[in-house]
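*Asks:* Two chains, two separate frames, one set of hints: put the complex together.
Residue-level listing of the chains:
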Amino acid sequence: MKIGNVDVKVSIVAIAVFVFFTIFLLIASVYSPVIRSQLIWLIPVLFMLLVIPMALNYMSRSQYTGMEPIYEAEAKTVRVKLINENMIGKPVRIEGVVERVYFQFLNRPQYLVADRSGAISVKMFTTPAEDVKVNDVVEVLGQVIHRYMVTG
Amino acid sequence: MEYAVPLLGFGGALFGIVFWMFDVQIDVRISMLGCVLASWVLAYLAWIRPRKDIVALTTPIYSFIFLGFPLDTFSVVVLEVLYAASLTILLVRLKYRFGAPSAPVPDKKELAEPLNSYVKKTGDALLSTGPEPAHSAAVVFVRFAEGEFLAAARGAESAIAHLSDASAPRALQCAFAIVKEQAERYDKSFLQPDTFRVFPPEDASVLAKIPDPKFGKPEEYDAALENALLLLFAGAWNMSEKDHPHLLKCQAFAQKLLVP
Numbered sequence: 001m002k003i004g005n006v007d008v009k010v011s012i013v014a015i016a017v018f019v020f021f022t023i024f025l026l027i028a029s030v031y032s033p034v035i036r037s038q039l040i041w042l043i044p045v046l047f048m049l050l051v052i053p054m055a056l057n058y059m060s061r062s063q064y065t066g067m068e069p070i071y072e073a074e075a076k077t078v079r080v081k082l083i084n085e086n087m088i089g090k091p092v093r094i095e096g097v098v099e100r101v102y103f104q105f106l107n108r109p110q111y112l113v114a115d116r117s118g119a120i121s122v123k124m125f126t127t128p129a130e131d132v133k134v135n136d137v138v139e140v141l142g143q144v145i146h147r148y149m150v151t152g
Numbered sequence: 001m002e003y004a005v006p007l008l009g010f011g012g013a014l015f016g017i018v019f020w021m022f023d024v025q026i027d028v029r030i031s032m033l034g035c036v037l038a039s040w041v042l043a044y045l046a047w048i049r050p051r052k053d054i055v056a057l058t059t060p061i062y063s064f065i066f067l068g069f070p071l072d073t074f075s076v077v078v079l080e081v082l083y084a085a086s087l088t089i090l091l092v093r094l095k096y097r098f099g100a101p102s103a104p105v106p107d108k109k110e111l112a113e114p115l116n117s118y119v120k121k122t123g124d125a126l127l128s129t130g131p132e133p134a135h136s137a138a139v140v141f142v143r144f145a146e147g148e149f150l151a152a153a154r155g156a157e158s159a160i161a162h163l164s165d166a167s168a169p170r171a172l173q174c175a176f177a178i179v180k181e182q183a184e185r186y187d188k189s190f191l192q193p194d195t196f197r198v199f200p201p202e203d204a205s206v207l208a209k210i211p212d213p214k215f216g217k218p219e220e221y222d223a224a225l226e227n228a229l230l231l232l233f234a235g236a237w238n239m240s241e242k243d244h245p246h247l248l249k250c251q252a253f254a255q256k257l258l259v260p
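Residue numbers (our numbering), protein chains in the order written: chain A, 1 to 152; chain B, 1 to 260.
In case anyone wonders, no lab produced these hints; they're calculated from the structure.
Careful: at least some of the hints might be erroneous.
As the list claims (entries may be wrong) - No farther apart than 30 Å at their CA atoms in a straight line, the calculated lysine-lysine pairs in the BS3-like style are these:
| # | chain 1 | residue 1 | chain 2 | residue 2 |
| --- | --- | --- | --- | --- |
| 1 | B | 249 | A | 90 |
| 2 | A | 133 | A | 81 |
| 3 | B | 214 | B | 121 |
| 4 | B | 188 | A | 81 |
| 5 | B | 256 | B | 95 |
| 6 | B | 214 | A | 81 |
| 7 | B | 120 | B | 109 |
| 8 | B | 120 | B | 242 |
| 9 | A | 76 | B | 249 |
| 10 | A | 90 | B | 256 |
| 11 | A | 90 | B | 52 |
Pulled out of the complex, with its shape left as it was, chain B reads as follows (with noise of 0.2 Å):
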């Protein structure tokens, strides 16, 4: 689609041209309709994009403002072409600095990539996750994600006393463990401790990063935290349902955290 703004401006201005050259009984201003058309595709272009671009979104004004005056048909095609010029200008502009368009909105019922593929890749070994500690996962990655980094941690505390291995993977109850000790200091804002839990190299199939040997002790302490939160999301997910709304709700969280 991108391309069919020069397309288009420099179609109507080629008409232009060629109605001028050959002196055809036609009114000039009918190849304009090839801007104009090329205005409204940048700015749908600029409005599909995250970072809006103001004069992108204001092209089509412009085109009926310059192009809509009665003028003579060589300023009309000179106008043409600087005009087509111009929307050009803006289309590099818009996509080298306003990115990519936005990756369409998934469903509200539905996870979206790559948080789905994730989600998808634990399902089986988070099978033997009981009804119970699925909820109060999801329960502690919510209270998590509004920054309620007390009451996750009091929930973690809860759903550790609770589990056991018939009831929930270890690598869940790691990723409670892990939650629990890092949301309270969260919440006292304490630093980083010398010692911390890491899950263990084991439990490596199921994390959604897996920790670099390069990686120093602040990166090793944040992606264990992230992994933790991220498990606790797809055992959630995976093993109760009715807790799907809230964390839809927290879906843009859990996409940030696997963002590496």
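Isolated chain A (complex conformation) (with noise of 0.2 Å):
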């Protein structure tokens, strides 16, 4: 869906929730009219589901799109191997192939790139312009943080 110039994506988990819910609250509203004299707050609410995130996501895309000109103007471009935390806060652009997607259903997505010189994780905080997928290559416009996990 298109808002202005900035096309807003709602992720698979955020439909699955309103999904889940409307068919819950159908169910519940035959079998129950106490849930149906409240349905009047809880349609609402129901729709609260969809469009909060797409709120959220219109917010960090637009953010993105309008950092964009800024990045390019400021970004050097380095090599994966150059990349080290005396640089975190600089912008940098890097030009590699995708090795790895993880987390694309959340419009949170994170790419293994690697150019020749090394791999670097590269996390979107938002959901790309365009769908990414393994082996695409790809230019990488974006700030060096330092990111903590935990995986188990």
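*Replies:* Listed below in structure tokens is the structure:
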């Protein structure tokens, strides 16, 4: 869905949550008169489950769109190997191949991008404008950040 | 220490089985201590790895939750065997999925290996470096590590202007020239040129990475910069002690450059 210049995408998780609670509400309202009497506020709340993720996605996407020219102007093209902790906060540009894609279903995708010097984790805090897949050649504009991860 | 996890886990379970089979009049939950200790050992092994496994880290909590409730003897024994098997599977998973324990963190005043060996190796060859060029080498290296490519290029340019064969060995002069050339290009995000400066073959003894004849141009370009930066680091470390704190902050970057 397009709002202004921003192509808003709702994650599959948000849609699944909305569908689950819609079905749950439908069934509950058939069997329970108490639920039926509360539908006047339950239905708007149900729609908020879609509207809030859409609003958040719109805000993050529009912020990314607004920052793109700034990064285009300021980012230096570097090899992955040259990126280090002393560069935290610096805008950089890397070119490489997507080796792995994670968390795309959450609208917070993370990619493993590699060039000839090494690989680096690229985290997006919104959906990309295009669907990025493994083996795609990409140009990444972003800021060097330090991430702490706990996995299990 | 890795063997302690199955040994403690199954050892405790074995005691539980013995208590159960021979009807020993003792609280069978004493044998649970083996599983509890095995959980703590597993959590410790997870903690010392650079990548943290939250499942292994939280096993001590599970050991208390699952084994802390009063159950009959047979249930305790079954639970212990299953729990010891789970811990062993988690240990195998930790070992293969989360890699080796991290190397001991070097003293904040020392260089870690293999950087330390490289710096020592170049000590004699860089002995003629004066304090000023050594300080300039530190400044250029730190600026480059910080992504301040223009400042690194200007620093290298200024150092080259003041260098002579008396104040710095030829290899170090060449390193400044390479860093200047490439830092200028990185600052402007220019592509790799067709012709570029590299170390002459006689400098091979002081280089961290010996250029492979099979290298293509891009690899040769990258190797020239990495060797130049490492040589500046070594020159600065060997001959400018006052810059050690700044160089130590960039040690991880230098280590990264050393990796083939």
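*Asks:* Are any of the numbered hints broken by this structure? If so, which, sorted upward?
*Replies:* none
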